[in-house]
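> Listed below, chain by chain, are the residues.
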Amino acid sequence: METATTLWLFVAAFGASALGGVLGMASGIFIVPILTLLFHMDIHAAIGASLVSVIACSCGSAASFIKGRLTNIRIAIILETATTLGALTGVFLIGIIPTACLYGLFAAVLAISAQQMLARRREAVDANVPDARSWASVLRLHSSYPDHASGRDVPYNVGRVPLGLSLMYGAGLISALLGIGSGVLKIPAMDSALKLPIKVSSATSNFMIGVTAAASAGAYFVRGDIEIGIAGPVALGSVAGARAGARLLLGLPADKLRVFLVVVLGLLAIQMLMSAFGAHIQGGPA
Amino acid sequence: MNRMTVKSGQRERLIAGLLRYGTWLASAFIAGGLTLGLLQHLSKPLFVGLGSFAFVKTGVALFILLPVARVVLLLFIFLLERDYVYTAVSALVLVIIGAGLLAGI
Numbered sequence: 001m002e003t004a005t006t007l008w009l010f011v012a013a014f015g016a017s018a019l020g021g022v023l024g025m026a027s028g029i030f031i032v033p034i035l036t037l038l039f040h041m042d043i044h045a046a047i048g049a050s051l052v053s054v055i056a057c058s059c060g061s062a063a064s065f066i067k068g069r070l071t072n073i074r075i076a077i078i079l080e081t082a083t084t085l086g087a088l089t090g091v092f093l094i095g096i097i098p099t100a101c102l103y104g105l106f107a108a109v110l111a112i113s114a115q116q117m118l119a120r121r122r123e124a125v126d127a128n129v130p131d132a133r134s135w136a137s138v139l140r141l142h143s144s145y146p147d148h149a150s151g152r153d154v155p156y157n158v159g160r161v162p163l164g165l166s167l168m169y170g171a172g173l174i175s176a177l178l179g180i181g182s183g184v185l186k187i188p189a190m191d192s193a194l195k196l197p198i199k200v201s202s203a204t205s206n207f208m209i210g211v212t213a214a215a216s217a218g219a220y221f222v223r224g225d226i227e228i229g230i231a232g233p234v235a236l237g238s239v240a241g242a243r244a245g246a247r248l249l250l251g252l253p254a255d256k257l258r259v260f261l262v263v264v265l266g267l268l269a270i271q272m273l274m275s276a277f278g279a280h281i282q283g284g285p286a
Numbered sequence: 287m288n289r290m291t292v293k294s295g296q297r298e299r300l301i302a303g304l305l306r307y308g309t310w311l312a313s314a315f316i317a318g319g320l321t322l323g324l325l326q327h328l329s330k331p332l333f334v335g336l337g338s339f340a341f342v343k344t345g346v347a348l349f350i351l352l353p354v355a356r357v358v359l360l361l362f363i364f365l366l367e368r369d370y371v372y373t374a375v376s377a378l379v380l381v382i383i384g385a386g387l388l389a390g391i
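Residue numbers (this note's numbering), protein chains in the order written: chain A, 1 to 286; chain B, 287 to 391.
Honestly, the hints are just simulated from the structure, not real lab data.
Small disclaimer: the values here were computed from a predicted structure and weren't measured.
For glycine and all other residues, C-beta sits at the position ideal for the given N, C-alpha and C.
Some hints could be false.
[Stated by the list, open to error] Some but not every residue of chain A turned toward chain B, in silico, with C-beta under 7 Å:
#1 59
#2 77
#3 218
#4 228
#5 232
Excised from the complex, chain A in its bound form:
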């Protein structure tokens, strides 16, 4: 790898991570479009590098969520069985799925992310007495989290675990195929199926992302599909960007940044869609 390219990879990952960090979103979704569209890399190399940076960001930020007692570790480990199984499926499928389909799928996920960024997440917390025979009760998933505004612990019940598991399988599959954390798919699944409080589902999703990505990244690493020269600087840039970015960019108006990122996501979606057709016609990545 050229030294200049290494530096630019670091800078690009740093920037994406810093911008995303201000809005509390993972930068994983930007890494693959940056590497394929800007650096003209093969999408499979981009996916491998992105997965490593996704793991790095998840591990780097998980500690503070855990200490804030927002992460529900039991839910995480239960759902990880489904996400890692989905990731395993993705590892088997990625060699078969045509490159054009990967670009198309990526465009769809980018569009969903843009839409989600515009929509406001709704809180639907259920604090009634839970059904003692539900999966969530048997697995002792109901818990509470500290609310800083009131200074008290807020109890919450967990709903529809089987539905949550099947959605997580899909999220794991997409994560392995596209090299993203799939937080964009995990969080709505946890909000709506499991009815977790927003802060708890964000923290728990972040916690699970690392293991999910490690399941596929480990397999790609063993296969030799992860290009170290790309993955190294991108992972380092992402971690540093997530850490420094939130402080550096604290003064930026969040609303304008949100609109900016929605526009960026939309443009990237269009660009990836065009690559999908381009790759189809030329038989290789654009």
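Once you have looked at the hints, place chain B on chain A.
Relative to chain A, chain B alone:
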């Protein structure tokens, strides 16, 4: 209270500590390797023989292993708490990850 119970605060501290120091260690390997590569680029004769690539590769491997290590840690914590259902669930996650690694070889 069971004598073997890991206190809840202690459990969170262990996991948070593993992830925090693991991230630092892996980042340090990658940063060290990249810096070494840069120095080699600037003054070739000085640093011949030091593999910057190996450092970066170790860092990347550490990052991939870190979440797996976290599941192993959870497995032992659940085992200490005699929570055998969750010990089994943790083991299942490790088996699935292991299957992926075996399939990769």
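> Does each hint fit the structure? Answer for all of them.
Results for each hint:
no., hint, verdict
1, 59, "holds (5 Å)"
2, 77, "holds (5 Å)"
3, 218, "holds (5 Å)"
4, 228, "holds (5 Å)"
5, 232, "holds (4 Å)"
When held up to the earlier numbered hints, the structure conflicts with none and fits them all.
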